[in-house]
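Asks: In case you want the letters, here they are:
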Amino acid sequence: MEYLIRFVQQHETFRKPEVEALAELLKIKFRWVSYSDDTPFAIIDFEDTENPTKAARDLVSRSILVSKMYELWGRGTDFDSLHADIRNRTEHIWPDYQASTFRFEFDSYHGTHPNDEKWRLIESFSYMKFTGRIVMSRPENQFIVFEDYKLDAPKPHNVFFGREVAEGGRKAMNKYNVKKRHYIATTSMDAELSLVTANMALSAPGTIAYDPFMGTGSFPVSCAHFGAAVFGSDLDGRSIRGKKGRNVASNFKQYGTSDLYLGGVTADLTNSPICSGRFLDAIVCDPPYGVREGLKVLGHVKEKLQQEVILSNGVPAHLQSDYVPPKKPYSFVRMLDDILDFSAIRLVDGGRLCMWMPVAGAKEDPEATPEGLEEPAKEEPEAEEYAIPQHPALALVAESKQHFNKWSRRLITYRRLQDSEISQEALTAYGMQRLELQASNQTGETTRANDLNDFRKKYFEGFKNP
Amino acid sequence: MKLLTLNFLTCARKTCKTNPAAFPLHPREAELEQIEAEINPLLIQNLLPRINWEVLKTISQELGLPSLPESAPDSEDFMTEEGEPTQTLKDLHTLLMEMNVQNGKLVCGSCEHEYAIKEGIANFLLPSHMV
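These protein sequence lines map, in sequence, to chains E and V. For the first sequence, position 327 (counting from the first letter as 1) is numbered 327 according to the UniProt record's numbering, and the numbering increases by one without interruption. For the second sequence, position 17 (counting from the first letter as 1) is numbered 17 according to the UniProt record's numbering, and the numbering increases by one without interruption.
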C-alpha cells in the first residue's frame, strides 16, 4: 500500500531531506511516488518492509515538517476517478473497517466547501458500507478527503482519500519555543529549524554531536532532544556562561537533558582544542555571519601586537587573570573552508555536517514570478551567491533554503565519506591549497583577499582542474 | 564539564598539534563535583572505541580517582544476562558522565601553557603571540 505524507506548507526545501534523513537513521527503505514543493501532499511507497504501518509511524514520529501520515486508499484528478481508484485499491479490506467507529474529515489545500456540499461529498463514499458509529473524538479510524487546488481554481486538480496512521513530531516545537526558553540571544535559531537541523544531523541516542559556534545552545539542546550527547564551544565565553543562573547549562536543565550535555568550552575554530581523531557523529553549526555578531578569530592585525605583550611591571599581559585575548576580523568564506576541513578530520564514516550559511540579496527562482505580471523594469540586485563549499572527504547530501525579505540562508548538509571513497589526488590537492593559503597569510595582509578568492574558486570546482 | 570531554581536548596551539606530549591535557588544582546522571549504556558502548584507554587512565590517575583496569573493558561485559548494567559499566558511567570538572587548570605537556577552567567552562583562547 502507498502512503500519503501531509507536510506543512512551509520550509518546503527542508521537507524531503528531513524525511530522507530519518529514513537513513532508521534504515527504512522507501521511494517517492510523487513529491512537489508546491503541494503539502506527497506519496511514498516502502520497499522491502514487512510492516509498512510500523515503518510509516517510525518514519514520521519525530519529523518536524510532517503533520500526519496516511494510508493512501485512493487518488484521482476528480471525485469520479478517486472513487474508481478506491474500489480498485481497497475493496478487499473494507470489511475490516465496516464495524469500527470512524470519522470523515476534509483537508482542502487552497480551497473550501460549504457544509452542505461537504455532506453531499461524504455521502458519495457510502458504497464502502461503513456501518460503525460515527464519533468525533478519538474514533478508531479517521478518514480524510484531501483536495489540492491551484490558487483561486474552482475545482481541485488532485483528490486523495486516506486513513490516518501516524502523527509527525511537531509537538516538540512547542516545548522548544524560544519564547519559553529561559536563556536566548538575538541570534538563537527558532525551534522549528533547530529541530529540523538536529534531524538532518541524524541525532539519536548513543551518538555525539558538536557545535563550534554554540552561542546559547539552540542546536545542542535540539540534538539532545533526540537523545544525542552534545558539547560545544564559542569564541565568546560569556554566551556559554550567561548571567544570573541563565546559561546554556540551565537550558539543558529546563528540557531535562542535562545528562546529555557534556560541556561547553571557550575556543576558536582556527586554533581549536578539539582532538583531531574521528570521533564525532555530527557537527551542527550556524557560523557568525558578521552582521549581528562579529566574524572574528584569535590574533591581532597589527604586527607589533602579534608579539608577547609585557606590562610595565614586567609581567606578561596574558598571565593576568582578567586578560582578554585580542581578535581580528576573518573572511567568511575562509571560515566555511575551515569548518569543512575541521569536520572532515573529526567526523566518523557517514557522520554529518549540518552548516547554515547566509546568502545576500533576494534572488527568487524564475518560476516564482507570477504569470501575467510584467517584469519590473529595474533589475533586482543579483543575489550575492556563494557557491556551496566543497571538500573531497564530504559528499553533499542536501541544500535547503529559508527565504527572508532581502536575504536568505541555507542549510547545507554533508556526509563524511569512507576513506576508500575519497579521491586521494583531490585530497592532496586540497591539502596543498590550504597550506599555500596559510603560508601566504603569514607573509602579508594585503594579498590575502585575492589569494583567498583564487583558492575559493578552485575548490568550488572540486579540484577537478589542477 | 563532564570528564568525558577531557578525552577529546588537546592544546589549542598549532605548534603543539604534532607533539604527542600535548595530549591529554593535565588537570591541575581541579575541583571535581559528582552530579548524578542517568546511565546511558548505548553511548558508552559507542564511545569506548573512540576513547584512548591509556589517556583515560592518565587523566583519572592525575585527578586522584580510583585506578582503572589495566586494559579497556569489553563492551560485552556491560550488561548482565538479566539485562542489568554491570559494575564495569557503572564505574565507567560514574567516571565519564557523572564526574564534572568545575574549576582548575588544564596544562599542556608540550608547551606548558595553562588553560583555566571556571564554573565548568574551560577557556582555550590564546594571546596573539601564540596564534
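Please keep in mind that the hints were generated in silico from the structure rather than gathered at the bench. We put the beta carbon where it would ideally sit given N, CA and C, even for glycine. A hint or two may mislead.
As a list, the in silico SDA-like pairs of lysine to any residue whose alpha-carbon atoms are at most 20 Å apart [to be verified]:
1. Lys118/V <-> Arg246/E
2. Lys118/V <-> Leu319/E
3. Lys105/V <-> Lys253/E
4. Lys253/E <-> Ala37/V
What follows is a set of in silico ranges between Cβ atoms, one per label pair, in the way DEER data are often shown [said to hold, decoys possible]:
5. Asp96/E <-> Gln45/V: 41 to 51 Å
6. Lys90/V <-> Gln10/E: 56 to 66 Å
7. Glu112/V <-> Gly314/E: 43 to 53 Å
8. Ala116/V <-> Ala387/E: 47 to 57 Å
9. Lys175/E <-> Thr88/V: 55 to 65 Å
10. Ser67/V <-> Glu308/E: 31 to 41 Å
11. Thr88/V <-> Ser100/E: 35 to 45 Å
12. Ala21/V <-> Pro205/E: 48 to 58 Å
Asks: Evaluate each hint against the coordinates.
Replies: Here's how the hints hold up against the structure:
no., hint, verdict
1, Lys118/V <-> Arg246/E, "holds (16 Å)"
2, Lys118/V <-> Leu319/E, "holds (15 Å)"
3, Lys105/V <-> Lys253/E, "violated (26 Å)"
4, Lys253/E <-> Ala37/V, "holds (12 Å)"
5, Asp96/E <-> Gln45/V: 41 to 51 Å, "holds (42 Å)"
6, Lys90/V <-> Gln10/E: 56 to 66 Å, "violated (46 Å)"
7, Glu112/V <-> Gly314/E: 43 to 53 Å, "violated (20 Å)"
8, Ala116/V <-> Ala387/E: 47 to 57 Å, "violated (41 Å)"
9, Lys175/E <-> Thr88/V: 55 to 65 Å, "violated (36 Å)"
10, Ser67/V <-> Glu308/E: 31 to 41 Å, "holds (40 Å)"
11, Thr88/V <-> Ser100/E: 35 to 45 Å, "violated (51 Å)"
12, Ala21/V <-> Pro205/E: 48 to 58 Å, "violated (36 Å)"
The structure is inconsistent with the numbered hints 3, 6, 7, 8, 9, 11, 12, although it conforms to all the rest.
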